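K.L.:
Okay, here's what each chain looks like letter by letter:
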Amino acid sequence: MVVKMLKLAAISVSILMAASSAVARADRPQHARVTKDQKTASAPALAPVPIHDISGTWEPANGPSDGIQANGVKAMPNDGKPEHQLPYTPLGLQTFKSHKALEGVDAVLPGFYNDPRDKCEPIGFPRTDFYNLSGGQPVAENVLQSDPAGKGSSLCPKV
Amino acid sequence: MPKGLVTMAVALVAVSVFSVLARAQDVPRQPGAVYDMDRKGENPAPAPKRDLTGVWEPAQGPSAGVQATGAGAMPSDGKPEHELPFTPLGRETFLAHKPTFGVTQVPSALTNDPMPGCNPQGFPRVVLHNFRTSRIVQTPENVVILYEFNKKWRVIWTDGRRLPKNPTEPTWGDPDPPESRWWGYSVGKWVDDYTFVAESTGFDDRTWLDNAGRPHSDALHVIEQYHRPDRDHLEMTITVDDAKMFTKPWVAVKLRLRLQAPSFDIREMECAPIETEEYNKEFAEPAAGIDAR
Numbered sequence: 075m076v077v078k079m080l081k082l083a084a085i086s087v088s089i090l091m092a093a094s095s096a097v098a099r100a101d102r103p104q105h106a107r108v109t110k111d112q113k114t115a116s117a118p119a120l121a122p123v124p125i126h127d128i129s130g131t132w133e134p135a136n137g138p139s140d141g142i143q144a145n146g147v148k149a150m151p152n153d154g155k156p157e158h159q160l161p162y163t164p165l166g167l168q169t170f171k172s173h174k175a176l177e178g179v180d181a182v183l184p185g186f187y188n189d190p191r192d193k194c195e196p197i198g199f200p201r202t203d204f205y206n207l208s209g210g211q212p213v214a215e216n217v218l219q220s221d222p223a224g225k226g227s228s229l230c231p232k233v
Numbered sequence: 004m005p006k007g008l009v010t011m012a013v014a015l016v017a018v019s020v021f022s023v024l025a026r027a028q029d030v031p032r033q034p035g036a037v038y039d040m041d042r043k044g045e046n047p048a049p050a051p052k053r054d055l056t057g058v059w060e061p062a063q064g065p066s067a068g069v070q071a072t073g074a075g076a077m078p079s080d081g082k083p084e085h086e087l088p089f090t091p092l093g094r095e096t097f098l099a100h101k102p103t104f105g106v107t108q109v110p111s112a113l114t115n116d117p118m119p120g121c122n123p124q125g126f127p128r129v130v131l132h133n134f135r136t137s138r139i140v141q142t143p144e145n146v147v148i149l150y151e152f153n154k155k156w157r158v159i160w161t162d163g164r165r166l167p168k169n170p171t172e173p174t175w176g177d178p179d180p181p182e183s184r185w186w187g188y189s190v191g192k193w194v195d196d197y198t199f200v201a202e203s204t205g206f207d208d209r210t211w212l213d214n215a216g217r218p219h220s221d222a223l224h225v226i227e228q229y230h231r232p233d234r235d236h237l238e239m240t241i242t243v244d245d246a247k248m249f250t251k252p253w254v255a256v257k258l259r260l261r262l263q264a265p266s267f268d269i270r271e272m273e274c275a276p277i278e279t280e281e282y283n284k285e286f287a288e289p290a291a292g293i294d295a296r
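Chains as they are written, first to last, in the numbering used here: chain A, 75 to 233; chain B, 4 to 296.
Don't read these hints as lab results, they were simulated from the structure.
The reader is advised that the hints may include incorrect statements.
[Said to hold, decoys possible] Calculated pairs, SDA-like style, for lysine to any residue (alpha carbon to alpha carbon, straight line, at most 20 angstroms):
| id | chain 1 | residue 1 | chain 2 | residue 2 |
| --- | --- | --- | --- | --- |
| 1 | A | Lys193 | B | Asn122 |
| 2 | A | Lys174 | A | Asn152 |
| 3 | A | Lys174 | B | Ile277 |
| 4 | A | Lys148 | A | Pro161 |
| 5 | A | Lys193 | B | Lys154 |
| 6 | A | Lys155 | A | Phe204 |
| 7 | A | Lys193 | B | Trp185 |
| 8 | B | Lys154 | A | Asn206 |
| 9 | A | Lys193 | B | Pro119 |
| 10 | B | Lys154 | A | Ile197 |
| 11 | A | Lys193 | B | Asn283 |
| 12 | A | Lys193 | B | Glu280 |
| 13 | A | Lys193 | B | Thr279 |
[Claimed, not checked] On the chain A side, residues computed to face chain B include the following (Cβ under 8 angstroms):
| id | residue |
| --- | --- |
| 14 | Lys193 |
| 15 | Cys194 |
| 16 | Glu195 |
[Unchecked claim] Here are the simulated distance ranges between beta carbons:
| id | chain 1 | residue 1 | chain 2 | residue 2 | range |
| --- | --- | --- | --- | --- | --- |
| 17 | B | Thr174 | A | Met150 | 34 to 42 angstroms |
| 18 | A | Leu167 | B | Val109 | 43 to 51 angstroms |
| 19 | A | Pro190 | B | Pro110 | 26 to 34 angstroms |
| 20 | A | Pro151 | B | Val109 | 41 to 49 angstroms |
| 21 | A | Gly130 | B | Gly44 | 40 to 48 angstroms |
The model shown is predicted, which means the values in this text are computed figures rather than measured ones.
Where is the CB? At the ideal position from N, CA and C, for every residue including glycine.
This is chain B alone, in the form it adopts within the complex (with noise of 0.2 angstroms):
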């Protein structure tokens, strides 16, 4: 008796394991990627004073990044809680466009989102839609983040310079005329040894805060923080600040990105409006129920 339980036992353990070990492989995942999945009960070592350098990936596996009904602490999904604090200009703003996805969706295409039609999606769009492995590069002057999704970069000063009041200040050109850009300004410091902080405005009034139709104006503000609780592990959280289409400011998205080997090849994701179109008659049209005959 007792060595039949012992056995039943074991193959429940066995069964366990192997259903633990089949989800994780379920989960799906970037080619040589390692996830926290992969390591538990690790002892990560601890994290380097104020650097942020390598690759990072999301540490729940590629999915975690991705925020298809919107910013991923507040999603567009009808629940109370996740109602952002629009202004009345905010609300008008927000049910003017019309998404794919979220509570206000529409058929791709009947969307007015300016991202199919590969029209650049900017910041905070980049980290707020679909955060992929971003490699992250420091110099004396500044932090630099390659994005995968879009392959797209940002450069967040770190020499001392402020966010412009008007971009033609000396330090940042003599734009002329004054220009906000896709990505706005960014610049950033460490606020201890393992947290830096970066803000950025100038923003192009014309991007999306979302996937969602989310909105903001020129007013937008960003801040994004990056936490190194050990060597292994990077904590993003990005909070939104924009007076003129929300009444305070809401922390975005929060999520927990993972160091990989300094040899990961990142892939290529760029959007291409041959590929869009192709998506477009092969899927979105028949949706629709437009005939593209």
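If we strip away everything but chain A, and leave its shape as in the complex, we get (with noise of 0.2 angstroms):
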């Protein structure tokens, strides 16, 4: 009786893993070469860092979408919470209210923005990292290209 209780407990707990783990997998957008990647970086044992080297092709370690930023930057969103105030000088505060975003908690409708990002304006830095950091691509030595959104894909306007 205690075996087929326990059989049926192992069962059970197996089922549950599993479905979790497809859960996860069906929630998280991921890329097909990242899967992989994922699969070896949950190998126990890390290997050491490599001294003053950050050159390769970096990705949010937790998927794509932690590297989003829609309603402001990551730290410090435009929730509305008091922790989230950003500490402002009255022409801070001032171009701040002058700015028409999309996203946030000052969000304006479709129509009425002003955000350069919208007509394709070049996003600069550093609001390619504060915005939608994704796929870093290679590189070496001193250099580093990141894949904002643009770059690969259009958001460019129709002429």
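Since each chain sits alone in its own frame, please combine them into the complex, following the hints.
P.N.:
Here it is in structure tokens:
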């Protein structure tokens, strides 16, 4: 009887683990190559860190969605919470209020925004890291190119 | 008399040297760049083997990479020798394009060139329109080219993978649905110690080949050759092959590049709609007779 109960419990646990793993896979958009890398990364022993070396192809470790900061910079989103209120100067606050963003607590309706990004103006730095940090392609030495929206795909207006 | 002749000869030499220098100074330059005209009579060191790394600039000055009237080796200038081997579809598509340069040019305000609206110009147009200073980086798996023009970059894989017959092949990821790319899919290899050849396919056919509105289809296949004859030079040759648009492959550009110092800082050159808008208002619309009021 006890053995039977233990077997049943083991089967239930296995089913629950498989289900939660499947849900995690389904919920998280992934690049095909990343899936493979993540399997490797899940290996228990991590290799030592190479000294003075940040070359390589980097991806948000918790999936591509982790780099998307739709409501503003990840650490200080524009969500109305007091702890996320930025330390504006009067000019800073005035300038912020003149910006009509499509996201965040002050979002305006499409058609009323004045965000230059939506007209395909250069997103520039640091917004490329503060907005949509996706796969950073190679490189080596002192060169780092990220793959923000608009590089690999077009957000540009049609002529 | 001989003294007078000598004086005259010296004066002539001085004038010639001065005018050569003056001409050299007149050539547009990237600040801090070195061109072949600055190093006449040089004897460059031998090329390193299998190495394209560095910052490269057109060797004759930045203007040498600007191909306003179409691909440098085959400009749209009406000359019979520059007539492209169009298929009927190729000619029809070319004539549907309204470029602002070349023999079929229209005023800027009437163009249907996707680029002034800052749509991606893609590859190979980046090198067939405005090849500016570019940095090449090599890793064990790929060659990366960072282009000044529009601040774009490409990856040419050298890890042994083949061009995708179908972009869903595992080595290229698993896009859903299969996607064409503005910049194509590229692979490359060394054919000898000083010559690197890359091939690219899988292009989005909404881009133009060049500034003169030369078209391409989704069957476009581009062959790039980079030959390094010595340490300081790289010879870039781009060949276009597209059986839907052209009856045979054709060489679109041959450009000699010069290596710059490792400290050379590449300027920014980015497409910005707000600047295009200002340009149209200031120049394009008045030139086309459009009254903005």
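K.L.:
CB of threonine 174 of chain B to CB of methionine 150 of chain A, is that within 34 to 42 angstroms?
P.N.:
The hinted range 34 to 42 angstroms holds for threonine 174 of chain B and methionine 150 of chain A, with Cβ atoms some 40 angstroms apart.
K.L.:
If you draw a straight line from the CA of lysine 174 of chain A to the CA of asparagine 152 of chain A, is it 20 angstroms or shorter?
P.N.:
Holds: lysine 174 of chain A and asparagine 152 of chain A sit about 13 angstroms apart, inside 20 angstroms.
K.L.:
Run the distance test for lysine 193 of chain A versus threonine 279 of chain B: straight-line Cα separation, threshold 20 angstroms.
P.N.:
Between lysine 193 of chain A and threonine 279 of chain B the Cα gap is close to 12 angstroms, so the pair holds against 20 angstroms.
K.L.:
Please verify whether lysine 193 of chain A and asparagine 283 of chain B have alpha carbons no more than 20 angstroms apart.
P.N.:
Status holds; Cα separation ~16 angstroms.
K.L.:
What's the verdict on lysine 154 of chain B and isoleucine 197 of chain A, does the C-alpha distance respect the 20 angstroms limit or exceed it?
P.N.:
Judged against 20 angstroms, a Cα distance of about 12 angstroms means the pair holds.
K.L.:
Measuring from beta carbon to beta carbon, are glycine 130 of chain A and glycine 44 of chain B in 40 to 48 angstroms?
P.N.:
holds, 43 angstroms
K.L.:
Within 20 angstroms, alpha carbon to alpha carbon, are lysine 193 of chain A and glutamate 280 of chain B?
P.N.:
holds, 11 angstroms
K.L.:
Run the distance test for lysine 193 of chain A versus tryptophan 185 of chain B: straight-line Cα separation, threshold 20 angstroms.
P.N.:
holds, 19 angstroms
K.L.:
Per the CB criterion, is lysine 193 of chain A less than 8 angstroms away from chain B?
P.N.:
This hint holds: lysine 193 of chain A lies near chain B, its Cβ roughly 5 angstroms from the closest one there, short of 8 angstroms.
K.L.:
Do the alpha carbons of lysine 193 of chain A and asparagine 122 of chain B lie within 20 angstroms of each other, as the hint requires?
P.N.:
With Cα atoms ~11 angstroms apart, lysine 193 of chain A and asparagine 122 of chain B stay inside 20 angstroms; holds.
K.L.:
Tell me if the beta carbons of proline 151 of chain A and valine 109 of chain B are separated by a distance inside 41 to 49 angstroms.
P.N.:
holds, 47 angstroms
K.L.:
Decide if the proposed pair is consistent with the structure: lysine 193 of chain A and proline 119 of chain B, CA atoms, cutoff 20 angstroms inclusive.
P.N.:
holds, 13 angstroms
The structure fails none of the hints (numbered hints given earlier).
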